[in-house]
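Okay, here's what each chain looks like letter by letter:
Number of protein chains: 2
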Amino acid sequence: MQLINRQCRLAARPVGLPQPSDWTFADEAVADIGDGEFLVAVEYVSIDPAMRGWMNAARSYIPPVEIGAVMRAAAIGRVERSNHPDFPVGDHVSGAFGVQRYAVSDGRGVTKVDLDLASPAAHLGVLGLSGLTAYFGLLDIGKPRPGQTVVVSGAAGAVGSIAGQIARVHGCRTIGIAGGKAKCDWLVGDLGFDAAIDYKTEDVRRRLRDLAPDGVDVFFDNVGGDILDAVLVRLATHARVVISGAISQYNATEPVKGPANYLQLLVARASMTGFVIFDYAKRYAEGIDKLSEWLGSGDVRSQEDVVEATIDDFPDVLLRLFRGENTGKLVLALPR
Amino acid sequence: MQLINRQCRLAARPVGLPQPSDWTFADEAVADIGDGEFLVAVEYVSIDPAMRGWMNAARSYIPPVEIGAVMRAAAIGRVERSNHPDFPVGDHVSGAFGVQRYAVSDGRGVTKVDLDLASPAAHLGVLGLSGLTAYFGLLDIGKPRPGQTVVVSGAAGAVGSIAGQIARVHGCRTIGIAGGKAKCDWLVGDLGFDAAIDYKTEDVRRRLRDLAPDGVDVFFDNVGGDILDAVLVRLATHARVVISGAISQYNATEPVKGPANYLQLLVARASMTGFVIFDYAKRYAEGIDKLSEWLGSGDVRSQEDVVEATIDDFPDVLLRLFRGENTGKLVLALPR
Chain A
37 MQLINRQCRL AARPVGLPQP SDWTFADEAV ADIGDGEFLV AVEYVSIDPA
87 MRGWMNAARS YIPPVEIGAV MRAAAIGRVE RSNHPDFPVG DHVSGAFGVQ
137 RYAVSDGRGV TKVDLDLASP AAHLGVLGLS GLTAYFGLLD IGKPRPGQTV
187 VVSGAAGAVG SIAGQIARVH GCRTIGIAGG KAKCDWLVGD LGFDAAIDYK
237 TEDVRRRLRD LAPDGVDVFF DNVGGDILDA VLVRLATHAR VVISGAISQY
287 NATEPVKGPA NYLQLLVARA SMTGFVIFDY AKRYAEGIDK LSEWLGSGDV
337 RSQEDVVEAT IDDFPDVLLR LFRGENTGKL VLALPR
Chain B
37 MQLINRQCRL AARPVGLPQP SDWTFADEAV ADIGDGEFLV AVEYVSIDPA
87 MRGWMNAARS YIPPVEIGAV MRAAAIGRVE RSNHPDFPVG DHVSGAFGVQ
137 RYAVSDGRGV TKVDLDLASP AAHLGVLGLS GLTAYFGLLD IGKPRPGQTV
187 VVSGAAGAVG SIAGQIARVH GCRTIGIAGG KAKCDWLVGD LGFDAAIDYK
237 TEDVRRRLRD LAPDGVDVFF DNVGGDILDA VLVRLATHAR VVISGAISQY
287 NATEPVKGPA NYLQLLVARA SMTGFVIFDY AKRYAEGIDK LSEWLGSGDV
337 RSQEDVVEAT IDDFPDVLLR LFRGENTGKL VLALPR
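Chain order of the listed sequences is A and B.
Adding 36 to a residue's 1-based position in the first sequence gives its number in my numbering.
Adding 36 to a residue's 1-based position in the second sequence gives its number in my numbering.
Next up, chain A with everything else stripped away, as it sits in the complex:
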């Protein structure tokens, strides 16, 4: 049977929010697999804010997606054909398979997925790069100590929701910043955050003064922009600001808004540190073990926002992230 591989490719470098004209779609015949290779039918595509950065030509921690190339994406799929002894047909696997129906792999960078442990979407979220970003970013860079105050922005997102829960598990007072009452209620009511601030209707700076009168010890920032500036003026002495991302700035058509209050780092003797999760590859197993343990004990809850749609819907699903429409991990589930 000749399989057809529907692909979403990058057609142009977006200015601002990605437009339909920034994408193109192609149908390719799936090639025969060689020795040591296997064919994956992609079932779940991870939708991540970082994707927007991969579309830019600027210097970054990873080369940009080339114009005309299949859009890069973490994904989970099922092995359909195999000439690789470690990846037999029927296995579920996770890897950077891209926004396409089929991917050929030689196994490098591919891990097996245990669907008895968690759903495919959870494997992309709490047990995937989102959870690992929260785990290593918060603990390794943020270094929270029990009793300290941890603030997380983008707190209802895939990374933020896990980061806040890890902070709670570590005995920290945890404050989430998110957009809208429903997300804030979910953070406090379902995920056990101590408090949440709705940046759409509340004055973040003033609320932080009330909620964290002794200052913020760790700020795990996924958002940047005005929210970063608001938290900088509330830093406690020797605070750590973890730069996980800056979703508010990724689609800016004007120059990025740098943190005008960055001199508060001096006032507070504080640090602001960036990190890239790929650097922790050798410690992924440690992170996944811990996250699995907390997931099993109920200390950490995972939430996925699974959108059942096609490869052609990917551009629309991606925009949901930037509109703040998702709660928890956003995943595109392809038809089987």
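Be aware that a few hints might be false.
Identical chains share a label here; the pair holds if one copy fits it or two copies do between them.
Computed cross-link-like contacts, DSSO-like style, restricted to lysine-lysine with a CA-CA straight-line distance of at most 30 angstroms [what the hints assert, rightly or not]:
hint : residue 1 : residue 2
1    : K179      : K326
2    : K179      : K318
3    : K293      : K179
4    : K217      : K293
5    : K217      : K236
6    : K236      : K293
7    : K148      : K293
8    : K148      : K326
9    : K148      : K318
10   : K179      : K236
Source of the hints: derived by calculation from the structure; they are not laboratory data.
Chain A is already provided as a structure; the job is to place chain B on it using the hints.
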């Protein structure tokens, strides 16, 4: 004899560059000293960029100078009268005596000054808070390793000129950023910097690409603004940005220009850290020992820009800093 204490007091909180109307002058009779007190005749006043921050009402690492109070300043003077056994008449002492002719002290925060070791101006500069800021900021926060590339902004200033020389002593490739050819020639020709960039006539970003093709490992920033942004895009992996100051922003009438390229901290897995020299008070002796040693061996040279003038000239002398007119440590020397 009744001594008259001429004082420079803060009259108003400046907007932008301090204006004459932000200052007022007063003559006070010098009071009798009590038990355990001594009277200092101020001879040398340290002129520091940080003074501008002390004039603002904003939250900072030290309370603002109150309106109507004598302007805060580090200074060196001679003990004229004494009821304190440790500070006899004739000793030279260093302390936060303020912009005035006479100060009464009980000895707290006051240290003796050895004029056989270095000049009074050098005691305020390389052996004072400027040198200590360079020493602890570069070594403790920047953590340069031999062979790494260290960039210093405000490199011809009191702190920057010492920071760059300490980096050289530590076996680092050292690049200074300063304003004007004379300063740049001095950095390379006299202080042994490997290279200097004249930000007034050169493209800092492009020059850094040529001078530091493998990136900047430590950036010791005294300036902020566009120069900070230019260096951020040239950071090496795991670089450390030391926020020593931001003289380009202290007199801004518009909101501070935050570093638009701060997300390069993420790309480079880098950190940006602020510090306050007063936190190192218990280690000042260590720093002064080292700096004295390097001064004696000729590894570090000190340069002071000593302006002989009166208390009434202080406002003008302060403005020299913000016009970038000084090379090395700016000191106001009062008439004896």
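Consistency of the hints with the structure:
1. In the homo-oligomer, the alpha carbons of K179 and K326 lie at most 30 angstroms apart inside one protomer (16 angstroms), although the nearest pairing across protomers, at 32 angstroms, exceeds that limit.
2. In the homo-oligomer, the alpha carbons of K179 and K318 lie at most 30 angstroms apart both inside one protomer (19 angstroms) and across protomers (26 angstroms), since each shortest distance falls under that limit.
3. Taking the shortest Cα distances, K293 and K179 sit within 30 angstroms of each other both inside one copy (27 angstroms) and across copies (29 angstroms).
4. For a Cα distance limit of 30 angstroms, the shortest separation of K217 from K293 inside one copy, 26 angstroms, qualifies, whereas the shortest one across copies, 32 angstroms, does not.
5. Taking the shortest alpha-carbon separations for K217 and K236, only the intra-copy value of 9 angstroms comes in at or below 30 angstroms, while the best inter-copy value is 50 angstroms.
6. Taking CA atoms no more than 30 angstroms apart as the test, K236 paired with K293 passes in both settings, with 18 angstroms inside one copy and 24 angstroms between copies.
7. Proximity of K148 to K293 under the C-alpha cut-off of 30 angstroms is found in neither arrangement, the shortest distances being 41 angstroms within a copy and 47 angstroms between copies.
8. In this homomeric assembly, K148 and K326 come within 30 angstroms of each other (Cα to Cα) only inside a single copy, at 18 angstroms, whereas the closest approach across copies is 56 angstroms.
9. In this assembly of identical chains, K148 and K318 lie within 30 angstroms of each other by CA distance solely inside one copy; the values are 16 angstroms within and 55 angstroms between copies.
10. Only within a single protomer do K179 and K236 lie at most 30 angstroms apart by alpha-carbon distance; the minimum there is 29 angstroms, versus 41 angstroms between protomers.
Checked against the numbered hints given earlier, the structure breaks only hint 7 and satisfies all the rest.
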